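Chains as they are written, first to last, in my numbering: chain C, 51 to 557; chain L, 51 to 557.
Think of the hints as simulated: they come from the structure by calculation, not from any bench.
Any given hint could be a false lead.
Only pairs whose alpha carbons sit at most 30 Å apart, straight line, appear in this in silico DSS-like list of lysine-lysine [claimed, not checked]: (1) L:Lys-393 <-> C:Lys-384; (2) C:Lys-363 <-> C:Lys-404; (3) L:Lys-379 <-> C:Lys-384; (4) C:Lys-389 <-> L:Lys-105; (5) C:Lys-186 <-> L:Lys-76; (6) L:Lys-268 <-> L:Lys-142; (7) C:Lys-384 <-> C:Lys-363; (8) C:Lys-307 <-> L:Lys-76; (9) C:Lys-451 <-> C:Lys-268; (10) C:Lys-186 <-> L:Lys-241; (11) L:Lys-76 <-> C:Lys-157; (12) C:Lys-112 <-> L:Lys-393; (13) C:Lys-302 <-> L:Lys-307; (14) L:Lys-142 <-> C:Lys-157; (15) C:Lys-232 <-> C:Lys-467; (16) C:Lys-389 <-> L:Lys-545; (17) C:Lys-105 <-> L:Lys-307; (18) C:Lys-404 <-> C:Lys-478; (19) L:Lys-404 <-> C:Lys-393; (20) C:Lys-186 <-> L:Lys-404; (21) C:Lys-307 <-> L:Lys-393.
Here the structure is a predicted model, which is why all the values come from computation and not from measurement.
Number of protein chains: 2
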Amino acid sequence: MAEQEKTAITPTREENYPGWYQQVIKAADMAENSEVRGCMVIKPWGYAIWENIQKNLDIMFKETGHVNAYFPLFIPKSFFEKEAEHVEGFAKECAVVTHSRLEDDGKGGLRPAGKLTDELIIRPTSETIIGASFSKWVNSYRDLPLLINQWANVVRWEMRPRLFLRTTEFLWQEGHTVHATKEDAIEETYKMLNVYTRFAEEYLAIPVIQGEKTESEKFPGAVSTYTFEAMMQDKKALQGGTSHFLGLNFAKASNIKFQNREGKEEYAWTTSWGVSTRLIGALIMTHGDDNGLILPPRIAPLHVVIIPIYRNKDEQNKVGNFIESITEKIRHLKYNDEKIKFKIDGRDMRGGEKLWEWIKKGVPIRLEIGPRDVDSNSVFMGRRDKRPREKVGVSVDDLLKNLPSILDEIQNNIYQKALNFQIENTIKIDGKNSFYQFFTPKNKNNPEIHGGFANSHWCGSSKCEEKIKDDLKVTIRCIPLDAYEEIGKCICCGKESKKRVIFAKAY
Amino acid sequence: MAEQEKTAITPTREENYPGWYQQVIKAADMAENSEVRGCMVIKPWGYAIWENIQKNLDIMFKETGHVNAYFPLFIPKSFFEKEAEHVEGFAKECAVVTHSRLEDDGKGGLRPAGKLTDELIIRPTSETIIGASFSKWVNSYRDLPLLINQWANVVRWEMRPRLFLRTTEFLWQEGHTVHATKEDAIEETYKMLNVYTRFAEEYLAIPVIQGEKTESEKFPGAVSTYTFEAMMQDKKALQGGTSHFLGLNFAKASNIKFQNREGKEEYAWTTSWGVSTRLIGALIMTHGDDNGLILPPRIAPLHVVIIPIYRNKDEQNKVGNFIESITEKIRHLKYNDEKIKFKIDGRDMRGGEKLWEWIKKGVPIRLEIGPRDVDSNSVFMGRRDKRPREKVGVSVDDLLKNLPSILDEIQNNIYQKALNFQIENTIKIDGKNSFYQFFTPKNKNNPEIHGGFANSHWCGSSKCEEKIKDDLKVTIRCIPLDAYEEIGKCICCGKESKKRVIFAKAY
Numbered sequence: 051m052a053e054q055e056k057t058a059i060t061p062t063r064e065e066n067y068p069g070w071y072q073q074v075i076k077a078a079d080m081a082e083n084s085e086v087r088g089c090m091v092i093k094p095w096g097y098a099i100w101e102n103i104q105k106n107l108d109i110m111f112k113e114t115g116h117v118n119a120y121f122p123l124f125i126p127k128s129f130f131e132k133e134a135e136h137v138e139g140f141a142k143e144c145a146v147v148t149h150s151r152l153e154d155d156g157k158g159g160l161r162p163a164g165k166l167t168d169e170l171i172i173r174p175t176s177e178t179i180i181g182a183s184f185s186k187w188v189n190s191y192r193d194l195p196l197l198i199n200q201w202a203n204v205v206r207w208e209m210r211p212r213l214f215l216r217t218t219e220f221l222w223q224e225g226h227t228v229h230a231t232k233e234d235a236i237e238e239t240y241k242m243l244n245v246y247t248r249f250a251e252e253y254l255a256i257p258v259i260q261g262e263k264t265e266s267e268k269f270p271g272a273v274s275t276y277t278f279e280a281m282m283q284d285k286k287a288l289q290g291g292t293s294h295f296l297g298l299n300f301a302k303a304s305n306i307k308f309q310n311r312e313g314k315e316e317y318a319w320t321t322s323w324g325v326s327t328r329l330i331g332a333l334i335m336t337h338g339d340d341n342g343l344i345l346p347p348r349i350a351p352l353h354v355v356i357i358p359i360y361r362n363k364d365e366q367n368k369v370g371n372f373i374e375s376i377t378e379k380i381r382h383l384k385y386n387d388e389k390i391k392f393k394i395d396g397r398d399m400r401g402g403e404k405l406w407e408w409i410k411k412g413v414p415i416r417l418e419i420g421p422r423d424v425d426s427n428s429v430f431m432g433r434r435d436k437r438p439r440e441k442v443g444v445s446v447d448d449l450l451k452n453l454p455s456i457l458d459e460i461q462n463n464i465y466q467k468a469l470n471f472q473i474e475n476t477i478k479i480d481g482k483n484s485f486y487q488f489f490t491p492k493n494k495n496n497p498e499i500h501g502g503f504a505n506s507h508w509c510g511s512s513k514c515e516e517k518i519k520d521d522l523k524v525t526i527r528c529i530p531l532d533a534y535e536e537i538g539k540c541i542c543c544g545k546e547s548k549k550r551v552i553f554a555k556a557y
Numbered sequence: 051m052a053e054q055e056k057t058a059i060t061p062t063r064e065e066n067y068p069g070w071y072q073q074v075i076k077a078a079d080m081a082e083n084s085e086v087r088g089c090m091v092i093k094p095w096g097y098a099i100w101e102n103i104q105k106n107l108d109i110m111f112k113e114t115g116h117v118n119a120y121f122p123l124f125i126p127k128s129f130f131e132k133e134a135e136h137v138e139g140f141a142k143e144c145a146v147v148t149h150s151r152l153e154d155d156g157k158g159g160l161r162p163a164g165k166l167t168d169e170l171i172i173r174p175t176s177e178t179i180i181g182a183s184f185s186k187w188v189n190s191y192r193d194l195p196l197l198i199n200q201w202a203n204v205v206r207w208e209m210r211p212r213l214f215l216r217t218t219e220f221l222w223q224e225g226h227t228v229h230a231t232k233e234d235a236i237e238e239t240y241k242m243l244n245v246y247t248r249f250a251e252e253y254l255a256i257p258v259i260q261g262e263k264t265e266s267e268k269f270p271g272a273v274s275t276y277t278f279e280a281m282m283q284d285k286k287a288l289q290g291g292t293s294h295f296l297g298l299n300f301a302k303a304s305n306i307k308f309q310n311r312e313g314k315e316e317y318a319w320t321t322s323w324g325v326s327t328r329l330i331g332a333l334i335m336t337h338g339d340d341n342g343l344i345l346p347p348r349i350a351p352l353h354v355v356i357i358p359i360y361r362n363k364d365e366q367n368k369v370g371n372f373i374e375s376i377t378e379k380i381r382h383l384k385y386n387d388e389k390i391k392f393k394i395d396g397r398d399m400r401g402g403e404k405l406w407e408w409i410k411k412g413v414p415i416r417l418e419i420g421p422r423d424v425d426s427n428s429v430f431m432g433r434r435d436k437r438p439r440e441k442v443g444v445s446v447d448d449l450l451k452n453l454p455s456i457l458d459e460i461q462n463n464i465y466q467k468a469l470n471f472q473i474e475n476t477i478k479i480d481g482k483n484s485f486y487q488f489f490t491p492k493n494k495n496n497p498e499i500h501g502g503f504a505n506s507h508w509c510g511s512s513k514c515e516e517k518i519k520d521d522l523k524v525t526i527r528c529i530p531l532d533a534y535e536e537i538g539k540c541i542c543c544g545k546e547s548k549k550r551v552i553f554a555k556a557y
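Just chain C, with the same shape it has in the complex (with noise of 0.2 Å):
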């Protein structure tokens, strides 16, 4: 009889997947509830990985000539009420300061005074406050495009919080741009879905589906809205950002005006785009397993950990030396045109505690080092894609060769899976019974698990929608931008359809 290998994560996926979730993060030491309800803390380990996104993101925003600013965390509440539909969308998750001091309550605790006359929310996102400032910036057609983007905590109340995936207070950046034709602002919109897409795809590793929303899943306030969605492992999909086609709509709320080369005055033509530390849940939740994180190699905050395994002083240097002669090659390497991030862990502790820890906050590339790797000048190297007890014996000549190419691999290896996963997971359904039964959990233990994604017809009413997500909690996650002409029976009312589009469970 084999032995059942045990898991570093208790429940597993199987088990209970929010479950899971929950414990990959604290075994990964990536973040916590914080004491304000509905607020994360963010740890080192999860911040680390968000400044690897924010930085790679940061680059591809500059290359496609965006400029970074900032604007007010404040919005007073009567700019905020200026565009009818987005004031509605937030209204009733928004944070409202209407004091600036505390004073001595007479009874030993303070109370709020210095009562504001117009009340200030915390920005839920910045399109009042930007375009207020737009509205001055552009006068005239040589001032466009504007191509701004900013780097900010944001605040939408939360009454169920989840870590990463929905917290009251959230980071991320907000692209805002101004152009003077409709088709600019539509390409502008198309390309940053496009910048997203690539930065998912061969930053991540998480295969993604473009498409735009549907009327009712759109932001409040655009004309149209795009977005790439993710299925995660549980096989329901997560949006992982989203690039608005504003209109005029905004640039009507904020007076952006500006004097064309004709000489008249027009209404100039927006977008906005947002991704958020939301795709750190992504990252978990695509490609974790039951022993925890597992970090592409693009985003990771650590390629290689080395573990020195000695039992006395005199195998303590020689193991120590030997690693640093290593590691001072390693230091000369090169992967994704930076530095290979490596660290040597020499805590105090028991080798297996250390190699499971590392594990378990998904390093790419383990290295065991003891007295007789020394003597036959060999490392042996563990991998995250690979099963945590199958190490291989290298020597250190090969891997110093091939060690960019290895975390190449893994990233490759990472995305493959998760693109498999995706595509064996999604189904087009043309029968009704077919769709319900697609899903329909098949395991009472673990309501959450179903069929993935369907691609089906749908003849685009709203009725149809909503009966669908009554139902069965299954919403149209996007249409497709792929998607070809193909006359079809709508899903839900049997009418005519000329689409698929991709249903699903969502996060």
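Based on the hints, put chain L in the right spot on chain C.
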């Protein structure tokens, strides 16, 4: 009669220093007041400077063993009340969130709803909210030192806002560390003060005086506060940033305890330290002149701007090709371990207008290139540390050979000029009359201008400190770390004193 040189900024520093400051920010397009009273919008040019400050400081923090993390924007009022001095210091200037949504007010508008039971304060600084996490993270001496930094926005309600210097919301970093011993915590406090000083002097080219704050000027809740103070061109002091030894005060308030090597539980020693977007204000006022901003190359978003000069299409092509051949080579040059940042300004505008724009923005080197320069294989170079009309012809070979060293020379010139100014205007004063005269403005039109820093004896009593503050609006900026023991008489009361301190008017 020599023609008087016109300046780009009106008023000049001499005419109206605060007015000059505002106009430099406007002319360089760095920031503006927002519609939210007290809050600024940091425009791309200002934000690019902040990004360089962030990038370089972050490297220095990481080199000294710190890691980044992120904590909530909100602090529950009850947390905030835990440290008595601390709350007293910040209660008068904090934004209070009292509601979590907006609802229809029945009159076509919105009113706050969802009243909170424990109001939330927007962090003015994060000791108390970070302390809540630290009390969970720190259990054993093995967890120490804990060395965390956070890049964040903070809010301190400001009645008399000034761009970069005093704004209700500002951007900063705040380091928070925990140590097993008092000695370790004090060492950290000094270490970070030294990191700041090195950054100010080597990157911002701002000479500073390190010292300890007096009891009345220290951070609310600190045992001791260390500061680095710079002299602006109106001879007033600007506090660049602070590093606090917090003793056990916040450990007690937040219950941060650890088991020591002997297995006994004890309170931990904490520090905190921060610098903010205020440094940009210091940068402007230390180096700027009557033609605008002057940027030290090590912090400039752009090192070299290239302006093509031509009258027709043929010349445009000729000059364009020549410039391309030069930039192809600049691309491979390095300055301060980074690529040289250059830009070709090909906008359809008059050359002179462009030139002045870049002068006002403070770019270190301007190259003007016309058809005749192509023939002679040379360029016209203007340096921001020289007079605007001073241009020299340089052969392309010399330019390429010397560009990094010219940038170094500019960096050093700017620093040396500021250092000379600081030294010239820091005077040892021993008589009470001369002290009072020193701080009396000589020019009635510009009442801000006065003597500078007085290096004078102080008996140590807060009564003398207060009297001088009341009489002259002069405060003790710091007790310099390099002050030697010297018997003297207090500049205020005449009693015996053992040390000189720095007195100045301050921002």
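Unmet hints by their number, sorted upward, for this structure: 7, 9, 10, 11, 13, 15, 16, 17, 18, 19
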